Each structure stands twice: as C-alpha cells, then as structure tokens.
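Participant: Based on these hints, arrange chain B on the given structure of chain A.
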Amino acid sequence: MDAAYNLPRWLTRNKHDAEGMVQEAYLGAIFDDIHGTDTPTRLKSLEKDKLTQFDQSILPHMNAAYNLARWLTRNEHDAEDMVQEAYLRAFKFFNTFHGLDGRSWLLSIVRNVCYTWLQQNRAQELTTMFDEETHSVNGDTSNPATLVLQSADQQIVRQAVEELPVEFREVVVLRDLEGFSYNEIAEVAKIPLGTVMSRLARARERLKQLLCNRLKMEC
Amino acid sequence: MICKDAQNLINGYVDGELDLIRNLEIERHIQDCALCTQDYKNHQVLSNAIKTGSLYFKAPADLRRRIQLSLRKAAKAEAGRRMLPKWWFNIAAPMAAAAVILLALVPFLRGPSADDLLAGEVISSHVRSLMASHLADVSSSDQHTVKPWFAGKLNFSPPVEDLAKQGFPLIGGRLDYLEDRPVAALIYQRQKHFINLFIWPSGSDSDVETKTVLRQGYNLFHWTRSGMTFWAASDLNNAELQKFVQLVQNQTSSSTAIQS
Numbered sequence: 001m002d003a004a005y006n007l008p009r010w011l012t013r014n015k016h017d018a019e020g021m022v023q024e025a026y027l028g029a030i031f032d033d034i035h036g037t038d039t040p041t042r043l044k045s046l047e048k049d050k051l052t053q054f055d056q057s058i059l060p061h062m063n064a065a066y067n068l069a070r071w072l073t074r075n076e077h078d079a080e081d082m083v084q085e086a087y088l089r090a091f092k093f094f095n096t097f098h099g100l101d102g103r104s105w106l107l108s109i110v111r112n113v114c115y116t117w118l119q120q121n122r123a124q125e126l127t128t129m130f131d132e133e134t135h136s137v138n139g140d141t142s143n144p145a146t147l148v149l150q151s152a153d154q155q156i157v158r159q160a161v162e163e164l165p166v167e168f169r170e171v172v173v174l175r176d177l178e179g180f181s182y183n184e185i186a187e188v189a190k191i192p193l194g195t196v197m198s199r200l201a202r203a204r205e206r207l208k209q210l211l212c213n214r215l216k217m218e219c
Numbered sequence: 220m221i222c223k224d225a226q227n228l229i230n231g232y233v234d235g236e237l238d239l240i241r242n243l244e245i246e247r248h249i250q251d252c253a254l255c256t257q258d259y260k261n262h263q264v265l266s267n268a269i270k271t272g273s274l275y276f277k278a279p280a281d282l283r284r285r286i287q288l289s290l291r292k293a294a295k296a297e298a299g300r301r302m303l304p305k306w307w308f309n310i311a312a313p314m315a316a317a318a319v320i321l322l323a324l325v326p327f328l329r330g331p332s333a334d335d336l337l338a339g340e341v342i343s344s345h346v347r348s349l350m351a352s353h354l355a356d357v358s359s360s361d362q363h364t365v366k367p368w369f370a371g372k373l374n375f376s377p378p379v380e381d382l383a384k385q386g387f388p389l390i391g392g393r394l395d396y397l398e399d400r401p402v403a404a405l406i407y408q409r410q411k412h413f414i415n416l417f418i419w420p421s422g423s424d425s426d427v428e429t430k431t432v433l434r435q436g437y438n439l440f441h442w443t444r445s446g447m448t449f450w451a452a453s454d455l456n457n458a459e460l461q462k463f464v465q466l467v468q469n470q471t472s473s474s475t476a477i478q479s
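Protein sequences appear in the order of chains A and B.
Counting from 1, one number per residue, gives the positions in the first sequence under my numbering.
Counting from 220, one number per residue, gives the positions in the second sequence under my numbering.
Pulled out of the complex, with its shape left as it was, chain A reads as follows:
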C-alpha cells in the first residue's frame, strides 16, 4: 500500500488526489483479479470497444462475405478460409473503416483476398485474358423464348453462373444475389461506374447463352 500511495502522491503532488488514485487502482486490481487476466483494465475496455464496434458493423455481413467468396472460389472449403482471412484483415484494419457501409467495405476485402488466392491457385482462370469484347455475345442471336429460360431449374442456373468468367460472375453475384447498386459494385470491384453496366450486360448475355447450351436449345 505504501508503494501504491507513494507514486500517485508524487505524481499528483496532492494528498487528496493521491488517495483517490490509490483507491481506484485497488478497485481496478480487484476487477482484474476477478476476471483472471493480467491485462490492465483500461486496455481491456479499449479492446472490448473495438470488438463491440466490429461485432456490430462488420460481423453481421458474414453471409454476404461467404456468398461472394463461395462464388469466386467455387469451393466451400476455400470459401471458408477466404472469409476467415478477410475477417482477420478487416479487424486488423478496422481503424480505416469510417462506418459508412460495412458490407461494401468487408466485401472489397473479401474480393481482394479471393483474387490473391485465385492468382496463386487458379492462375489459369485469370490468365485466360479476360476480354469484355470476346466474352460478349452478339445480342441479336441470344434471345431465346422466355419460356425456355423459365424452364431452367435452379441446378442449371447455378452451373451456368459458375461457368461464367470470374469477372462476370462477381458482377452478377453482387447485383442479383447481393442486390448491390451499380455504385456499390464499382466500389467493391474497383471498376468505373460505366464499366459496371456494360460488364453486367455482357455477363447476362453470356449467362443466357450458357443456359441455352445447358438446355440444349438453339438460341
């Protein structure tokens, strides 16, 4: 107790204040003791604040994160790894998040993690040079009857989306599954707003064509 009093007494240069400090310090020590941790109380609350904020603004978007990762990697196991990695990165750089849109912010991290992984593990998917023109289809020849498309069941639609080049796949997933606006897609996919619409148009043309192929229909 003498040692605990001496330091604040010299620091505060005031008997009354020093006594207050000692009392608070002892209460803090008891609190730490109860919780069985050696982390100082002040830091523990800092760390708790960050976790709480993160839990509230980023954690709820785990489905969106997993969905995007699952579509980009086309594999459950890898998708889980991507999401976990993305969450750890997000937590690490949480101070750069300014609380506007947790979902977009998280998904752009997920996308980065996935693209890094694709470059390392699925290089051929990315090196088949993605060219919007060659992947686009002439609109005149790809207008099947609406009924034909309606006959496609979930399994076939899923397979067709999976067959899309990854750059097409991601805009379709972000738009039609995640319901992102063109602005949000531009932010997450790091492409200009104008490119979002043209890429979506081509992606959908390609999707129609893939569906027709799967349905063995001439379109």
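Worth double-checking, as some hints may not be accurate.
Stated by the list, open to error - Beta-carbon label-pair distances, calculated as ranges:
no.: 1; chain 1: A; residue 1: Asn-121; chain 2: B; residue 2: Asp-224; range: 50 to 58 Å
no.: 2; chain 1: B; residue 1: Asp-251; chain 2: A; residue 2: Pro-192; range: 29 to 37 Å
no.: 3; chain 1: A; residue 1: Gly-179; chain 2: B; residue 2: Arg-285; range: 21 to 29 Å
no.: 4; chain 1: B; residue 1: Gln-287; chain 2: A; residue 2: His-16; range: 13 to 21 Å
no.: 5; chain 1: B; residue 1: Val-346; chain 2: A; residue 2: Asp-17; range: 58 to 66 Å
no.: 6; chain 1: A; residue 1: Lys-48; chain 2: B; residue 2: Leu-243; range: 28 to 36 Å
Claimed, not checked - With a straight-line cut-off of 30 Å between C-alpha atoms, the simulated DSSO-like cross-links for lysine-lysine are:
no.: 7; chain 1: A; residue 1: Lys-15; chain 2: A; residue 2: Lys-48
no.: 8; chain 1: B; residue 1: Lys-223; chain 2: A; residue 2: Lys-190
no.: 9; chain 1: B; residue 1: Lys-277; chain 2: A; residue 2: Lys-92
no.: 10; chain 1: B; residue 1: Lys-270; chain 2: B; residue 2: Lys-260
no.: 11; chain 1: A; residue 1: Lys-50; chain 2: B; residue 2: Lys-270
no.: 12; chain 1: A; residue 1: Lys-48; chain 2: B; residue 2: Lys-295
no.: 13; chain 1: A; residue 1: Lys-48; chain 2: B; residue 2: Lys-277
no.: 14; chain 1: B; residue 1: Lys-292; chain 2: A; residue 2: Lys-48
no.: 15; chain 1: A; residue 1: Lys-92; chain 2: B; residue 2: Lys-292
no.: 16; chain 1: B; residue 1: Lys-292; chain 2: A; residue 2: Lys-50
no.: 17; chain 1: B; residue 1: Lys-277; chain 2: A; residue 2: Lys-190
no.: 18; chain 1: A; residue 1: Lys-190; chain 2: B; residue 2: Lys-270
no.: 19; chain 1: A; residue 1: Lys-50; chain 2: B; residue 2: Lys-295
no.: 20; chain 1: B; residue 1: Lys-270; chain 2: A; residue 2: Lys-216
no.: 21; chain 1: A; residue 1: Lys-216; chain 2: B; residue 2: Lys-223
no.: 22; chain 1: B; residue 1: Lys-260; chain 2: A; residue 2: Lys-216
no.: 23; chain 1: B; residue 1: Lys-295; chain 2: A; residue 2: Lys-92
Quick caveat, the hints were computed from the structure, so don't treat them as lab data.
Small disclaimer: the values here were computed from a predicted structure and weren't measured.
Quick reminder that beta carbons are idealized off the backbone N, C-alpha and C, glycines included.
Facilitator: Structure of chain B alone, referenced to chain A:
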C-alpha cells in the same frame, strides 16, 4: 432510340439504375419494339431466376463460431501488443534509460578507492614533512638509534635498515599519522631527494603486491608484507624509487627471516 442503344440500356432499366429521362425513353422503345421487349422479358426472367432461387450461399454456423473465436484471439493479441508500447514502455523505457545513464556514470559516481584516499594522505604527509623543517623527530643514520626511538611511541616495531651503502642513506625517523593511526616514517635520502617510507601494521596476514602511482608529480610505491604495510613517497624518478623499494623489500624479508 435504336435497338442497339436500347439493348445496352436494358440492363440499367431492369436494375432500376437509369435516370428518369432514359427510363422514359427505354419504356417507350420497348413498347414499340418486339425484339427489345423479348430481350427485356428475358432479362427479367434471368434476374428473377438468380434472385429468387437458392443460389445464395449462407455462411455455415461453425464458420461463424470459428471466426468469432479467432477475432477474440486477434483482439487479445492486439491488446497485448498495444500494452507493450503504450503501458509497459512508459515505465520500462525511462527505467532502462536511467539504468544506462547510471551505468555510464558508475566510474564517476563511485567514490575514490581506499588506496586513492591513502595516496592523498601519504603525499600530504610527505609534503608537510619537507615544508616545516620537520623531516625527522630523531635524526640519525644509525638504524640502532632510530629503531629503539620508536619503542614506547608505537605499539609495533618498524623494520629499520640503513641503505647508505646502496646509495640511500638513512636520515632519521618520525612519528606520523595515517589511516587514523600513528605510523612510523623513515626518511632516506638520494642525492637531493628525500624519501618518506611509512610503515604500520596492516592488520592482516595476507601480502599485497607492490603497486605504484604517480600523483601530483610524486611517485608512490606501496605494498604489504609480513603483516606490515609500506608506503614510499618521493619526488625521485620512478626507476630509482623502485630500486629503493626493492632494497627495502630485500632487507625486510631477510631480517624477518632472521627473526623467525
């Protein structure tokens, strides 16, 4: 509006991303153009097929748990890291700095050693003895006069040797006071230089090797042998004083050998 333009805009129309004017334009065109109507319907069907289907993958429950766990771990690690620089360092860094400064100052902070202090005393006594024409209490070159003179004045009997034959004649003896005790001082001469040889019991049996210091222009030699501490002080040069010291050491060891 021509079909080509319309088809580019149909996606934006389906997604509700067009501005009001373009929205109206495309609506008007679709009404008039069967091809674009078909295109528009296909887009709607496709979009709905994707949206309403079970294409959305939901995160598995155990992934959620795993991530929450690893986040807590990361938070803890982060707090640990933060604790080091912000909390621990605030205390440890000044302490380390203080330690470094203290270590650097140790040679200066450490008081003068016992030998240093004694050397100062010895020189003072030597200088004093020369200044006040109080070189010797008993002036004699005869060791058999000088040695008994100390009896009754000291509780020990210093070894007294005349070294005139070796060029260091004995001048006399004197009582002096060093290390809080009366000591014997023998005075020898070498040409115009005087040598004060201080002798007193060391209080222990262990011998101490001969050491030499140069202080304020005076050469000092000191050693302990046979329970006696010797300090020789003179303005003689180091080599000649060393010669004297060796003579004294030879004489005292031979005389103690005879005594024993």
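Participant: Each of the hints needs a verdict: does it hold here or not?
Facilitator: Structure-based check of all given hints:
Range check, Asn-121/A to Asp-224/B: Cβ separation about 41 Å, and the 50 to 58 Å hint is violated. With their beta carbons about 32 Å apart, Asp-251/B and Pro-192/A fall inside the hinted range of 29 to 37 Å. Under the hint 21 to 29 Å, the C-beta atoms of Gly-179/A and Arg-285/B, about 27 Å apart, fit the expected range. Between Gln-287/B and His-16/A the Cβ separation comes to about 45 Å, which falls outside the hinted range of 13 to 21 Å.
Between Val-346/B and Asp-17/A the Cβ separation comes to about 60 Å, which falls inside the hinted range of 58 to 66 Å. For Lys-48/A paired with Leu-243/B, a C-beta distance near 54 Å fails the hint of 28 to 36 Å. Between the alpha carbons of Lys-15/A and Lys-48/A the distance comes to roughly 33 Å, so the proposed pair goes past 30 Å and is violated. Distance check on the hinted pair: Lys-223/B and Lys-190/A sit about 27 Å apart at the alpha-carbon level, within 30 Å; holds.
Taking the CA atoms of Lys-277/B and Lys-92/A, the gap is near 24 Å; set against the 30 Å cutoff, the hint holds. Straight-line distance between C-alpha atoms of Lys-270/B and Lys-260/B comes to about 15 Å, which keeps the hinted pair within the 30 Å bound. A hinted pair counts as satisfied when its Cα atoms are at most 30 Å apart, and Lys-50/A with Lys-270/B does not qualify at roughly 35 Å. Proposed proximity of Lys-48/A and Lys-295/B is supported: the alpha carbons are some 9 Å apart, at most 30 Å.
A hinted pair counts as satisfied when its Cα atoms are at most 30 Å apart, and Lys-48/A with Lys-277/B qualifies at roughly 27 Å. This hinted pair checks out: Lys-292/B and Lys-48/A have alpha carbons roughly 12 Å apart, not beyond 30 Å. Taken as a hint, the Lys-92/A and Lys-292/B pair is honoured in the structure, with Cα atoms around 12 Å apart against an allowance of 30 Å. Distance hint between Lys-292/B and Lys-50/A is fulfilled; the C-alpha atoms sit about 13 Å from each other, no more than 30 Å.
The straight-line distance between the Cα atoms of Lys-277/B and Lys-190/A is roughly 24 Å, inside the 30 Å bound, and the hint therefore holds. In summary, the hint linking Lys-190/A to Lys-270/B is supported, as the alpha carbons are separated by about 23 Å, within the 30 Å threshold. With a C-alpha separation of about 11 Å, the suggested pair Lys-50/A and Lys-295/B falls inside the 30 Å cut-off, and the hint holds. Between Lys-270/B and Lys-216/A the CA atoms are separated by roughly 23 Å; this keeps the pair inside 30 Å, and the hint holds.
Distance check on the hinted pair: Lys-216/A and Lys-223/B sit about 27 Å apart at the alpha-carbon level, within 30 Å; holds. For the suggested pair Lys-260/B and Lys-216/A, the alpha carbons sit about 20 Å apart, so the restraint of at most 30 Å is met. Of the pairs offered as hints, the one joining Lys-295/B and Lys-92/A holds, with about 12 Å between alpha carbons and a cut-off of 30 Å not exceeded.
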